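Could you slot chains B, C and D onto chain A? The hints should help.
The chain contents come next:
Number of protein chains: 4
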Amino acid sequence: MIIVLKPGTSDEERENIVIRIEEAGLSPHVLMGKERVVIAVIGDERALQQQTLSAIPGVEKALPILSPYKLVSREFKKENTVIDVDGVKIGGNKIVMMAGPCSVETKDLLSGIAGEIKAGGATVLRGGAFKPRTSPYSFQGLGEEGLEFLAEAKKQTGLPIITEVMDPRDMPMMMKYADIIQIGARNMQNFRLLAEVGAHNKPVMLKRGLSATIKEFLLSAEYIMSAGNDQVMLCERGIRTFETATRNTLDLSAVPVLKQLTHLPVIIDPSHAVGKTPLIPSMAKAAVAAGADGLMIEVHSNPAEAFCDGDQAMLPNDFKSLVSELKRIAVAVDRDI
Amino acid sequence: MIIVLKPGTSDEERENIVIRIEEAGLSPHVLMGKERVVIAVIGDERALQQQTLSAIPGVEKALPILSPYKLVSREFKKENTVIDVDGVKIGGNKIVMMAGPCSVETKDLLSGIAGEIKAGGATVLRGGAFKPRTSPYSFQGLGEEGLEFLAEAKKQTGLPIITEVMDPRDMPMMMKYADIIQIGARNMQNFRLLAEVGAHNKPVMLKRGLSATIKEFLLSAEYIMSAGNDQVMLCERGIRTFETATRNTLDLSAVPVLKQLTHLPVIIDPSHAVGKTPLIPSMAKAAVAAGADGLMIEVHSNPAEAFCDGDQAMLPNDFKSLVSELKRIAVAVDRDI
Amino acid sequence: MIIVLKPGTSDEERENIVIRIEEAGLSPHVLMGKERVVIAVIGDERALQQQTLSAIPGVEKALPILSPYKLVSREFKKENTVIDVDGVKIGGNKIVMMAGPCSVETKDLLSGIAGEIKAGGATVLRGGAFKPRTSPYSFQGLGEEGLEFLAEAKKQTGLPIITEVMDPRDMPMMMKYADIIQIGARNMQNFRLLAEVGAHNKPVMLKRGLSATIKEFLLSAEYIMSAGNDQVMLCERGIRTFETATRNTLDLSAVPVLKQLTHLPVIIDPSHAVGKTPLIPSMAKAAVAAGADGLMIEVHSNPAEAFCDGDQAMLPNDFKSLVSELKRIAVAVDRDI
Amino acid sequence: MIIVLKPGTSDEERENIVIRIEEAGLSPHVLMGKERVVIAVIGDERALQQQTLSAIPGVEKALPILSPYKLVSREFKKENTVIDVDGVKIGGNKIVMMAGPCSVETKDLLSGIAGEIKAGGATVLRGGAFKPRTSPYSFQGLGEEGLEFLAEAKKQTGLPIITEVMDPRDMPMMMKYADIIQIGARNMQNFRLLAEVGAHNKPVMLKRGLSATIKEFLLSAEYIMSAGNDQVMLCERGIRTFETATRNTLDLSAVPVLKQLTHLPVIIDPSHAVGKTPLIPSMAKAAVAAGADGLMIEVHSNPAEAFCDGDQAMLPNDFKSLVSELKRIAVAVDRDI
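Protein chains in written order, with the numbering used here: chain A, 285 to 621; chain B, 285 to 621; chain C, 285 to 621; chain D, 285 to 621.
The hints are simulated quantities; they were obtained by calculation from the structure and are not laboratory data.
Computed list of lysine-lysine pairs in DSSO-like fashion (alpha-carbon distance at most 30 Å, straight line):
(1) 460(B) <-> 391(B)
(2) 362(A) <-> 373(A)
(3) 361(C) <-> 290(A)
(4) 318(A) <-> 290(C)
(5) 560(B) <-> 290(A)
(6) 318(C) <-> 290(A)
(7) 345(B) <-> 345(D)
(8) 499(A) <-> 560(D)
(9) 378(C) <-> 362(C)
(10) 560(B) <-> 499(A)
(11) 438(B) <-> 604(B)
This structure is a prediction, so every number in the text was calculated from the model and none was measured.
Chain A with its partners taken away, still in its complex shape (with noise of 0.2 Å):
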């Protein structure tokens, strides 16, 4: 920690700084510089983060040298985490492939779907049963029903199922029929239900939030970490800028940001990112080539009667092409789908 004087800050105030610094179990080094006076504090300044320094009189401004979070860091873990779902591996050399509707409609239509698929090369099967919808008179999903459907879809074609819990109320619901679990981007800082899933002992995929940085997104983890559950992979799905002409802007160089910073697997989901069928052959070639360990793609029979995103929609023949093209990419970077 840094902790960077006011011109004029007085000795008494300057000596109470330290005083406080010294409180905390952490050594000051009073540095006077000609234009600043600084203290550079020895010492674990986890303490002295969660203080409100530059509230006391005479600081202008605090300034981390460490990063906040702990146990998913890089430094903490130096090689990645690989979680294993009903066998399949996330966060290995394999790349893995999500699909699926955005939501669960009829049992035959979920079913149809996962069939086609696994024959198209997906490995995880996605659908939601509870849906975050921005007005309340969309559609919100089929609730426990569309976990049955899910289940149902998982007997028949051996997929493991990923679907999303938008309340803590719902986990023993979701502990039942979920393979992976995953929080939305807009439960990402939805701290009770991070909590509540880090309490559980099943896989996690988190999505950022639409604004959230890189730290948050990594401190949002660490709230599941730290209440007990390191099967936690990290999910891409676009952030909000000024752009319209795509539905979000998918930060692609999140990929190898995270890869510096965590252990934690890295997916991106394309198809929220742009938001636009057309856009996300594109988009999922180049977040192989960048480095993801696996995708999340929008698959629907006939995304014009979806119930919701069909806009998003890929057809399953139109997926069953696109992972031939991803393999050779995947191929070129050393790698396999």
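This is chains B, C and D only, laid out in the frame that chain A set:
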């Protein structure tokens, strides 16, 4: 709804779109332009807004004409909504001053602050017992004990209480202690929480999400109102932008925009918006001049020792001076504090 | 300057960094922390700010302590700069009202508007002869003829003229006609234009770029001042965010932030910020309450026929009413219009 | 163009709008909906796009149907534009590799780097002689001497030169030395510079502004093309967002979006986008996979001593390795480097 067709769309595709509109009970009017064919749809387009028209073959884009929200809109209810909280009217000519510490810390400290802000001109006491913190290692609030301290402060000062709910499971506790339930910015699209709060009969203050558009903000309010609770006030507290000189960017133009679109009261929280105490008075004054119905301001008697957000807390005396300055501006815009 | 070393940096690498700092004439202080080694640099760090310290092997990051600008800073000059434009003082207690059409259209129309805004309370006439338009097919301004019309309007009303320069080659023409030269938002980082304007002795109003940080804004002002021209005023006119309910987002907190950091006058342009006439009065009032030194407002006698930006033009009568309301707020903040 | 009327608009106001449309030579179709009256306009709406329809009494909003640009659009010219720069084809199947230092520093250094990048696989040499720097105290480039060094490096290596123009007055000099003229991000809406470059017969690379939408980007390209120069290539180099983990946020989805909308070649500059050397390879690979027609990458033989942007410079050897990896990905998407 206006549907723009792609250039080169076939007669069959066009006919198909027309049939789909008619099936939804609406009337299509086909207009053959030079460069594009456009279909204007007459009728209640909200039926179509839930569908994925742009996924139908031949459709380039679908432009909605009407806003997707209804109950919150000024068209639905012309006169301003005024909410009565224990005799404090919010949304009328008198501007409400909510103040207090970021989080409830100790009983004595809270009661002390409550007494001081009352003397300084506040009419509602704020204080968090459940705190949404970016880091799991930060102070998370006292929980129910904090609510008890708020109740005690209320008993001593008579000030009604506004406090934040983070979890639908806490609603019974909230109903017992809170006079206004706050939904924080990070939970603006926690739709299950909105529905839960909507199902209770208690005033709600909904804070705008960090990257929520005005339209999304109003749709979240619509969630609460459509669930049965019409005592909703809206709070702008800064949005996330590229600028780092302030904690967030206060979007003060949200005041006149919301006043046009909705009948609900509009509160401004300058403390969270700017995040630095010296900047707050200027923004508080601006908010009153812009037409806000109330302010929410963080006050702490010892900011440097605050458990959270000491950076943006005003001293009680400074708050008192500010209120007397605000009164002059209120008079200049024909209002009252 | 604080230099944070990567974990595991070798002694040799560290020594290398120390030597480099000493070579720049500064004093390094090496602090061996538990998790990181930090080097605090004593001396004028601006020498180092131009170097790429973070590209030196072993450096994790370099944190500057001082601001990179000097002449524009409040530390360099404590008292407010007051600019005298033909007797109109900008930056003093009296708030300046600049008004007029977006672009100069015809001589008669301009003279008519000039007369009306003068009667309504304006003390500076705005009008563009060279217009930066997003599309090449939009009206680009009358050029020198427009400047002549401005001169004519000035002759009739006595109002000094503010008009925009887009090209360094036009400076001789500008010197002839303009009393204040405006640098538009799109040219805030047109550094050659800044240098050219800096080399002339004429007041300048620099508009903040659509996505410029406050720091970059001040550095652009520093370009003008360091070239020799100290008659610079700053204008906030809305920044680009994700919100589309307004044309841009007015960052009104820029007023108190700039007042802390710089001695230069701060003007607010609510017209471009919100882009919709009905929203302008509210933001104009807020700007006065926030502490702005002046306003720039678009006024047109026939907005629906305006060659540009009719959406955001006020009628002369509405402008007059607004000024009388603003006067009341000015009084409430101990200022004058 | 679709014109939506306000609720409660009078017959006279509506008639007035109809007349105005007819006067512009277009055909209005009035559609009386339940909640709104809508007027669909048949004819070339570009005539109306320049007018301020929304300022006409009774108009709520005007929704354009057509894009405001023409010459740059894929509808205007279906086949890809391929630009020939001294035999290097840009926009064809072969992906172009532009590389070199941020700024030209010394003759020997430049020639050395040029030789190395050529050996590493580059076909165009980049280097700035005029540098747009945020601070007036940063190195501003060598000016014409820098251009001479570029000419020397070209003579030695045969690599054509891309270099930035900042001032219309420098165009004669640029015509003498440059093979591709670069318009930097900060000058994307320097409309006078665009017009000047458009009036010359020389390939241009236009960089996207930090906060420019795709639509604005294409309109700036339209400025150049409408002035007579059709040898325009577009370069995405990162946009400004709230994220600070990278210098800017690379909007890679701009590649498929631009490929849909325009026939012009699309180049990606990962160096400026991410601003940190270790992140560049990942984004370069992603760009090739996404379908970019070329890359621009900063290479310097001694980044820690670079006059600018050493943070984001690759070593020549690392560049060489990267190109060999990119070649594999190019093959996987049926292209060539």
